[in-house]
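Undergrad: Spelled out from the first residue to the last, the chains are:
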Amino acid sequence: MAILLNAETRVVIQGITGREGTFHTQQMQALGTRVVGGVSPGKGGTTHLGVPVFDTVAQAVRDTGAQASGIFVPAPFAADAIMEAAAAGLSLVVCITEGIPIQDMIRVKAFLREYPGCRLVGPNCPGILTPGQAKIGIIPQRFASPGPVGVVSRSGTLTYETVAALTAAGLGQSSVVGIGGDPVLGLSFTDVIELFERDPETSHLALIGEIGGSDEEQAAERLRGSRLRSVAFISGRTAPEGKRMGHAGAIVSGNRGTARTKEEAFRAAGVPVAQTTDQIVEILARS
Amino acid sequence: MAILLNAETRVVIQGITGREGTFHTQQMQALGTRVVGGVSPGKGGTTHLGVPVFDTVAQAVRDTGAQASGIFVPAPFAADAIMEAAAAGLSLVVCITEGIPIQDMIRVKAFLREYPGCRLVGPNCPGILTPGQAKIGIIPQRFASPGPVGVVSRSGTLTYETVAALTAAGLGQSSVVGIGGDPVLGLSFTDVIELFERDPETSHLALIGEIGGSDEEQAAERLRGSRLRSVAFISGRTAPEGKRMGHAGAIVSGNRGTARTKEEAFRAAGVPVAQTTDQIVEILARS
Amino acid sequence: MKLLEYQAKEVLASLGVPIPPGRVARTPEEAAAACADLGPVAVKAQVPVGGRGKAGGVKLARTPDEAEHAGSEIIGMDIKGHRVPLVYCEAALNIAREIYLGITVDRDRRANVVMLSARGGIDIEQVAEETPEAIARLYPDPWRGPLAFELNALVWDAQLGEHVRALVPLIGQLYRAVTEYDAMTAEINPLVVTGEGTLVAGDAKLETDDNAAFRHRDLELRYGGVVEGDPFEVEAKRRNLTYVSLDGDIGVIGNGAGLCMGTLDMVERAGGRAANFCDIGGGARAEVVENALAVILMNPKVRGVLINVFGGITRGDEVAKGLVKARDSLGMELPLVVRLSGTNEEEGREILKQHGITPGASGWEAAQKIVELTR
Amino acid sequence: MKLLEYQAKEVLASLGVPIPPGRVARTPEEAAAACADLGPVAVKAQVPVGGRGKAGGVKLARTPDEAEHAGSEIIGMDIKGHRVPLVYCEAALNIAREIYLGITVDRDRRANVVMLSARGGIDIEQVAEETPEAIARLYPDPWRGPLAFELNALVWDAQLGEHVRALVPLIGQLYRAVTEYDAMTAEINPLVVTGEGTLVAGDAKLETDDNAAFRHRDLELRYGGVVEGDPFEVEAKRRNLTYVSLDGDIGVIGNGAGLCMGTLDMVERAGGRAANFCDIGGGARAEVVENALAVILMNPKVRGVLINVFGGITRGDEVAKGLVKARDSLGMELPLVVRLSGTNEEEGREILKQHGITPGASGWEAAQKIVELTR
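Protein chains in written order, with the numbering used here: chain A, 1 to 287; chain B, 1 to 287; chain C, 1 to 375; chain D, 1 to 375.
Pulled out of the complex, with its shape left as it was, chain A reads as follows (with noise of 0.2 Å):
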């Protein structure tokens, strides 16, 4: 088992016929993910990577019964993206595009709120792999191996180390959740946390988290006393206050959302914290 997302799930993209939904779905296609379907707005009726487009979501649900979807639009549609894959009835949206305007994601969550059954996952973020089985987004594929450890990530490239590490290490992964970058995301560390406590297939967690906000300091709380046997990184601990590091999220204002706050609040709640994702292999090991 995994959560999210397994081999089972039906997988539309939206934005496939684009330069980088094209080259990440055939990478879906290759792991094995069932890609049912795309949408492109005035392809609808034509054929891409041996699946069908249409000209809106709604039509892809009715025709290949779709439950889940990517998203690989320009920053400018993708919160408009977004809110169509929730309407259309979709369960799992995993938005990848980075730079969309912060009002626009505030509004989409609003948006949200009319659809309980929607899980938004990012934007700004890699996505969800469970290995093995199947993926949505951009995290690499043959550095996974199927395992107990769920890892949790607002990083990518980041992640992408951690799971390496975590291979070599001989610790598969359960699933790797992306959550992205932005100050304002679909699920949070706390909404990740809460699906792997649930799947009896996960018994570790690594998460990584970073500067800015406090969706680490909330992560800590719930992982208190939880079964998970757990490891935090934070990265931006030298990260000057008041500027933005790389992801729009990474920024410390005053002197909240800072590392040491972070990673205080994991040591508080019992939770190793690792200064390295060397380090957060050894930790997992050792637990």
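Short, incomplete list of chain A residues facing chain D, as computed with Cβ under 7 Å:
id : residue
1  : Pro101
2  : Ile102
3  : Ile106
4  : Arg107
5  : Ser155
6  : Leu158
7  : Tyr160
8  : Glu161
9  : Gly236
10 : Gly254
11 : Thr276
Straight-line distance between alpha carbons at most 25 Å, and here's what the computed DMTMM-like set of lysine to aspartate or glutamate pairs gives:
id : chain 1 : residue 1 : chain 2 : residue 2
12 : B       : Lys43     : D       : Glu133
13 : A       : Lys243    : D       : Asp230
14 : C       : Lys369    : C       : Glu346
15 : A       : Lys243    : D       : Asp78
16 : C       : Lys54     : B       : Glu241
17 : B       : Lys243    : C       : Glu207
18 : B       : Lys43     : B       : Glu98
19 : B       : Lys243    : C       : Glu220
20 : A       : Lys243    : D       : Asp247
21 : D       : Lys2      : D       : Asp108
22 : A       : Lys243    : D       : Asp123
23 : B       : Lys109    : C       : Glu180
24 : B       : Lys243    : C       : Glu268
25 : B       : Lys243    : C       : Asp123
26 : B       : Lys243    : C       : Glu125
27 : A       : Lys109    : D       : Asp106
28 : B       : Lys243    : C       : Asp106
29 : C       : Lys54     : C       : Glu207
30 : D       : Lys2      : A       : Glu241
31 : B       : Lys243    : C       : Glu129
32 : A       : Lys43     : C       : Asp157
33 : D       : Lys369    : A       : Glu282
34 : D       : Lys205    : D       : Glu129
35 : A       : Lys243    : D       : Asp249
36 : D       : Lys2      : A       : Glu98
37 : C       : Lys205    : B       : Glu241
38 : C       : Lys80     : B       : Glu241
39 : C       : Lys2      : B       : Glu241
40 : B       : Lys109    : A       : Glu114
Since the hints were made in silico from the structure, they are not lab data. Beta carbons: idealized from backbone N, C-alpha and C, even for Gly.
Given the structure of chain A, go ahead and fit chains B, C and D onto it with the hints provided.
TA: Below, chains B, C and D alone, put in the same frame as chain A:
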């Protein structure tokens, strides 16, 4: 018993210090309505008609435990007043104000979906009267008497006339509900019938409709097989197409919303149709 | 307020909707001049009712002479009771296809509905009856307005995907007429696809909400005086009365819209025909009654007046005194029947009798009396 | 984009927010002229950081001479690393009371928050810590915007009911800065109640969302060039790099924001200090690496460079070739340590070694090496 309103209901009046608000609050108090406060921004902290005045509905609810409100504010501010009442947690909002723009009311209806515990009566209505107990609105109490007939109506004066005729014939009323003459309304005929249906003290129903829309047709369908001994009356039989007959909602468009189709719908559902208010009483007295 | 075609197009153009070049002409000469400037034009009667085409209110003119001739024929003609005050001369279009686009209030849903159909150019009611599946509908959330994906889906649903890039922004612009001008109906029919593949509004309808007039004083200032309405309704509006002209000969006054409509119905059942609907509201104050009577008596067809008042909070004796005063100050000599019920009804009826006004105990009795007196 | 005070005030004024008369001065003479026109003025340094008052960047001037003097002192001064390019001369206010009004994004709630406090004129963070109950908050639905009753309640909650008529529309105007300009922060502090009882913006802060810049090209055109930012950041932006200047001497390049931040952290743990944050994204293409290296080498403080790349979909040997090419084309001679992991990492490291670049198997090892080489 009665529907919506009884002697225990704690009522706050929005616009209590205005001319209309003052006059009708006195009338409500004279009947015994439990008016616990008023709202009039800028007059918070004062007393009017023996009750405390507040700047906001939320303050009034907090300090008085109000459950219901009557709205007597001018049309440009009335939609906001309804939303304020709903957001403050009131379960019954009676809006007397006439002339609210239809787009305002469409927005209000969408807003109210977030407050399923809040029932709106009106706008552009005479309100609710539970004889011998309480009223919110402007229905004259002197013609009413307690009894088993539920009255629901889109009209004001026609309702007073019917209530007076019922009382004169010895037929008292359980509750009298004026749902209002606007095209976009709070409670519909069907909603109010639902409440009367569940009220053990209501055995008869007088429904006073008029041209425009299809709420009467839906009400007829709802009354098919109902335990309530009912009669319907529809005004506007001779109204020409495309002309607004006083009420914003009283308009026949093409061949939709005519008195004829409404009367036929009631007859088809087994509900007798009266041609005058006197006939309403005759039919109920026989049934 | 029902805007004329050229007014609706001015408003829609200000929101970005593409319209053909056109010009208003109040005289045949102006129509000729417009044609000289614009080339071949459609000369269109400007009246606030549909069906002007069938009534001969639209003519094509290729030359200024033809335009002048068309103008002289159309200006001043009567279309369904409306004298044509002016024509709109609009550059003739190269029509490849006609689309229907309209937004109105769906009462049952308590929402706005956007309707789009590839079957444009004909009455949408007819399309709705004959081929309901040919109309795609969208009910936008009123706070959010129509979202991009919803508009896209609407266009694809209407089988108009090939025009999606032009249609989506255009629908958004028409929707702004609803939010920015409180339109009850905003319609472009036909929405023309030209031979060049562009979209342009062939005709336009805009009816705004009178209840929202306080937000749109500019509209009334700009366009309020052009339509020549029923003179009694115009006068009634000036006096702040709720009045509708009808075509019978019995003047009717009631307090409350429902009671007043019911009174009209009873007049008809009694064999008469009402000259008007006139609701004087709950209070029935003397000056309002006087205003109502004054407007009704302006109509030379009126042969008698029926007043139906149910006194709720107002006392019947006061209402009666007001009625007598109003009648006397207007020097009214036509038959007057008053049904007065409710609070202090006996006292009220006594006063009426003393002043020679026929009282009725019920509306039905009063209706029969006035019909008898005016036969 | 952080707007300067005068820019923020121009934007807010266009939305209806009342601001005092004021004028920008780029020279002391212009400051004198402004004072001659406006009377007594506050001469205020225009820098995109707070705390200019304490730094001596605000001076009152009663006469043109005083204004000229103030201008000459303030223009060109350094405030927290920002050279003051110009001053804003603003008519001095008759201050009766100072209110705080601000709108920003509440990350935890994923919503905008409107904050209003009778304790204006001081830093809101300080108020939040000392007297949190003195700040009234509203979280408007982003589709509806703040409703009238919500704004009323906010004002009464903040104990500012006496100003409710002026405050409610003003908050609505400030909120429009959020919806119309994608403001992440829109703040008026102090919002001044004058001796005459009117409201006017004493200071204003506006920071817009860079992700939404595509919707606001006009703002960037009008105000983009005024602030003299860090030269390396300006150059990096020109080259489309995600770059932040820091104050150490080791240049850092990473692929991915998290990895890059983690690399900075490791450099510090190894005893060094990074000169910058530079995220070249997932692909690590040769031209992007070259751009990044070029900007980093512009900084004379840089004594060595650490590159930390985890090859995901990109192959390590290709990354290595790109790195070598970039270094050579720039003629870089400073120590360069590269940590290369992921796909084809062995092949990649071999290539680096062949070209004299120190490879590191882990980020931590690489960080220690570069610190050692630059000590």
